Amino acid sequence: MTRIMRRMRIGRIPRIGLLAGGAILLCTGQLMGQVSTVDDARVERGRAVYQYWCATCHSSGPGMPGTTALAAKYKGKQPSVPAVLEERTDLTEASVKFFVRQGVSVMAPFRKTEISDADLEDLISYLTRSKAR
Amino acid sequence: MRIPPGLTAGDFGSAVTQFEQVVGREWVFTSDEDLNLYRDAYSPLFGEPEERVASGAVAPNSVEQVQQVVKIANTYKIPIYPISTGRNLGYGGAAPAYSGSVVLDLKRMNRILEVSERNASCLVEPGVSYFDLCKYIEDKNLKLWVDVPDPGWGSVIGNALDHGGGYTTALYRNHFDAHCGMEVVLANGEVIRTGMGALPGAGTWQQFKFGVGPWIDGIFSQSNFGIVTKMGFWLMPIPDAYLSGTVSVPRHSDLIRLVDILTYIENAGVSNGMPMIGMLGSGFPGLGGPRDKELGALLARPGGAPPEEIERLALQKGIPYWNCSLRFYGPAKAVAAQWEHTKEKFSAIPGATFQDGELLRLPLTPEQRQRVHKPEFGIPSLEMFSIGARSEINPNPTNGHMWFSPIIPRTGEAVFEAQRVLSQASRDLKLPFNISAIPTMYWLRAFVLIIAFPITRDIATNKRNRDAFNRLVQIAAEHGWGEYRTAPVFMDAVAGAYSYNSNALMRFHETIKDAVDPNGIISAGRYGIWPKHLRGNRA
Numbered sequence: 001m002t003r004i005m006r007r008m009r010i011g012r013i014p015r016i017g018l019l020a021g022g023a024i025l026l027c028t029g030q031l032m033g034q035v036s037t038v039d040d041a042r043v044e045r046g047r048a049v050y051q052y053w054c055a056t057c058h059s060s061g062p063g064m065p066g067t068t069a070l071a072a073k074y075k076g077k078q079p080s081v082p083a084v085l086e087e088r089t090d091l092t093e094a095s096v097k098f099f100v101r102q103g104v105s106v107m108a109p110f111r112k113t114e115i116s117d118a119d120l121e122d123l124i125s126y127l128t129r130s131k132a133r
Numbered sequence: 134m135r136i137p138p139g140l141t142a143g144d145f146g147s148a149v150t151q152f153e154q155v156v157g158r159e160w161v162f163t164s165d166e167d168l169n170l171y172r173d174a175y176s177p178l179f180g181e182p183e184e185r186v187a188s189g190a191v192a193p194n195s196v197e198q199v200q201q202v203v204k205i206a207n208t209y210k211i212p213i214y215p216i217s218t219g220r221n222l223g224y225g226g227a228a229p230a231y232s233g234s235v236v237l238d239l240k241r242m243n244r245i246l247e248v249s250e251r252n253a254s255c256l257v258e259p260g261v262s263y264f265d266l267c268k269y270i271e272d273k274n275l276k277l278w279v280d281v282p283d284p285g286w287g288s289v290i291g292n293a294l295d296h297g298g299g300y301t302t303a304l305y306r307n308h309f310d311a312h313c314g315m316e317v318v319l320a321n322g323e324v325i326r327t328g329m330g331a332l333p334g335a336g337t338w339q340q341f342k343f344g345v346g347p348w349i350d351g352i353f354s355q356s357n358f359g360i361v362t363k364m365g366f367w368l369m370p371i372p373d374a375y376l377s378g379t380v381s382v383p384r385h386s387d388l389i390r391l392v393d394i395l396t397y398i399e400n401a402g403v404s405n406g407m408p409m410i411g412m413l414g415s416g417f418p419g420l421g422g423p424r425d426k427e428l429g430a431l432l433a434r435p436g437g438a439p440p441e442e443i444e445r446l447a448l449q450k451g452i453p454y455w456n457c458s459l460r461f462y463g464p465a466k467a468v469a470a471q472w473e474h475t476k477e478k479f480s481a482i483p484g485a486t487f488q489d490g491e492l493l494r495l496p497l498t499p500e501q502r503q504r505v506h507k508p509e510f511g512i513p514s515l516e517m518f519s520i521g522a523r524s525e526i527n528p529n530p531t532n533g534h535m536w537f538s539p540i541i542p543r544t545g546e547a548v549f550e551a552q553r554v555l556s557q558a559s560r561d562l563k564l565p566f567n568i569s570a571i572p573t574m575y576w577l578r579a580f581v582l583i584i585a586f587p588i589t590r591d592i593a594t595n596k597r598n599r600d601a602f603n604r605l606v607q608i609a610a611e612h613g614w615g616e617y618r619t620a621p622v623f624m625d626a627v628a629g630a631y632s633y634n635s636n637a638l639m640r641f642h643e644t645i646k647d648a649v650d651p652n653g654i655i656s657a658g659r660y661g662i663w664p665k666h667l668r669g670n671r672a
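So the sequences go chain by chain: A and B.
First residue of the first sequence: 1, per the working numbering; consecutive thereafter.
First residue of the second sequence: 134, per the working numbering; consecutive thereafter.
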């Protein structure tokens with residue numbers, strides 16, 4: 001597991017409410033207040049990275065080639081996998097890192113002047129946030 | 134560590150240390166892992182020994198840092214290759230034209246220095262994307278539009294410098310023409326400002342392009358004479374309304390009059406938006422063929438079908454051969470009157486029919502924003518990347534694309550000639566598709582054909598496509614058609630076609646290159662301009 005995931009596990013932050021599309025994560029980890037604040041801040045920063053770099057191609061709605069591609073990829077084979085990236089619960093640190101730094105099909109990889117290593121860590125926190133519940 | 138050509142490991146090591154002192158260690162990249170991110174994912178040479186790759190990358194954050202990096206590069210004679218956002222996919226991406234160069238990555242210079250609603254203009258740095266500029270304007274609720282190209286993550290400066298185009302009105306969609314004033318770092322590290330920017334204290338840098346004396350901005354586009362670190366642009370005040378309308382004409386030969394009338398309509402200022410010509414009910418060129426299956430099959434036939442055969446079937450089915458959609462931006466009453474006048478003019482073609490589009494009041498509602506062709510309304514997106522991407526109808530996605538994009542004369546006759554020649558070439562080159570050559574009109578006065586070739590991860594396929602592409606460049610040149618823009622691997626061939634008077638223009642470029650960059654450090658090979666020591670046997 002990653003450094004972040006390890007920290008999250010140690011933090012044991014039971015998230016009771018993830019507001020879909022909203023900007024607030026409610027936590028009951030008051031006792032772990034310090035840790036949960038840090039991790040929530042990281043998830044929030046990751047959400048911003050996602051909005052800036054990924055959402056333009058991977059959101060729901062028309063004109064989103066990333067979403068169209070993933071819908072076609074999983075249709076019939078893994079119908080339970082959502083086409084919209086941020087709705088997925090199966091993403092891992094390795095998979096996010098791989099696609100950001102290697103690219104796939106028409107998606108070129110992202111340089112560190114675009115998504116820095118720190119941004120990538122935040123993005124991973126955001127896209128794997130369901131695992132931290 | 135990779136070493137740039139012509140350098141010793143020791144010298145490059147010293148230079149890297151100095152780069153790090155200027156920009157910070159974090160922003161100098163020399164590991165394979167980091168440099169792989171500078172590979173052009175859309176390179177037609179991907180994975181081959183000839184692929185153009187970087188030896189390093191340096192990412193300054195200010196013009197002062199750019200100056201210092203350039204001085205170091207000049208001292209050590211290190212080839213450097215400036216990129217802005219590095220997203221010029223299909224035309225080279227973030228990879229250098231000369232393999233082994235150090236990429237000067239300007240993405241971190243992403244400041245929007247000024248947006249003036251009063252003057253409808255802006256001044257930006259190279260790392261500012263269309264998404265960035267549009268969001269800034271929206272957040273501040275300014276009543277301005279940015280003319281955007283298809284990929285919204287492109288650099289406003291980079292796109293203009295590579296002669297990119299957009300979709301709104303004629304005044305703005307030629308992005309280089311819509312710029313006003315530049316700041317450029319030269320190979321010796323000196324900074325110049327062009328136009329009124331050269332006059333200390335002038336408040337008109339983004340108002341008057343020329344200043345006095347030679348207007349040199351053009352030599353910094355598609356070239357390697359300097360590094361543009363700031364650029365001003367004229368922006369479009371949000372118009373009151375948008376109206377579109379479509380003219381359809383039944384016969385193949387009707388295109389000749391259609392184009393002539395269209396040219397008048399545009400040049401006279403009756404229609405200010407970007408027209409689009411379609412064939413047999415197809416949409417925007419490059420996005421899908423005819424909706425009718427039989428006609429689609431006829432067109433998709435390897436090498437195409439003769440126009441007479443297509444026209445016969447189209448007439449039988451009552452499908453017009455050509456359609457042309459026009460766009461009008463302005464006051465609601467004015468655009469309605471302009472469309473009426475347009476219809477009157479096109480009525481001169483027997484059998485012409487018209488379809489009125491919806492009149493949209495601007496700005497658009499959120500619901501309207503979702504359904505429109507976004508770039509026509511200054512909305513940046515990445516929708517165009519659906520080309521080649523996986524979808525239900527395309528289960529085998531590509532790894533990108535490259536564009537063959539020759540400029541041809543703006544007449545119906547030239548379109549017919551291009552269709553005939555390029556269909557024949559499709560057959561001769563055994564392309565798996567037929568080049569149908571529908572013109573697009575990003576710019577006034579000339580047509581451009583935009584033809585996509587897929588990029589794959591199969592070396593043999595890429596080689597075949599490269600060979601076909603190079604042959605098409607030659608065939609086009611034999612007919613007087615030259616590309617307006619191209620990827621690094623084709624730059625020599627494309628620039629070589631502009632050969633009037635024993636390549637006099639290229640020799641002039643080389644004279645400038647030798648004078649302003651005697652060590653030949655900036656973007657060697659860009660658009661066929663090589664520094665003296667890499668010019669080989671060419672005179």
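Since the hints were made in silico from the structure, they are not lab data.
Quick caveat, the model's predicted, so the values are computed rather than measured.
Among the clues, some could well be false.
Here are some chain A residues pointing at chain B (derived, C-beta under 7 Å) [claimed, not checked]:
(1) Thr56
(2) Thr67
(3) Lys73
(4) Gly76
(5) Lys77
(6) Gln78
(7) Pro79
(8) Gly103
(9) Pro109
(10) Thr113
A virtual CB, placed ideally from N, CA and C, is assigned to each residue, including glycine.
Comparing the hints with the structure gives:
no.	hint	in the structure
1	Thr56	5 Å, holds
2	Thr67	10 Å, violated
3	Lys73	6 Å, holds
4	Gly76	10 Å, violated
5	Lys77	12 Å, violated
6	Gln78	14 Å, violated
7	Pro79	14 Å, violated
8	Gly103	5 Å, holds
9	Pro109	5 Å, holds
10	Thr113	4 Å, holds
Consistency with the previously given hints fails for numbers 2, 4, 5, 6 and 7, ordered from lowest to highest.
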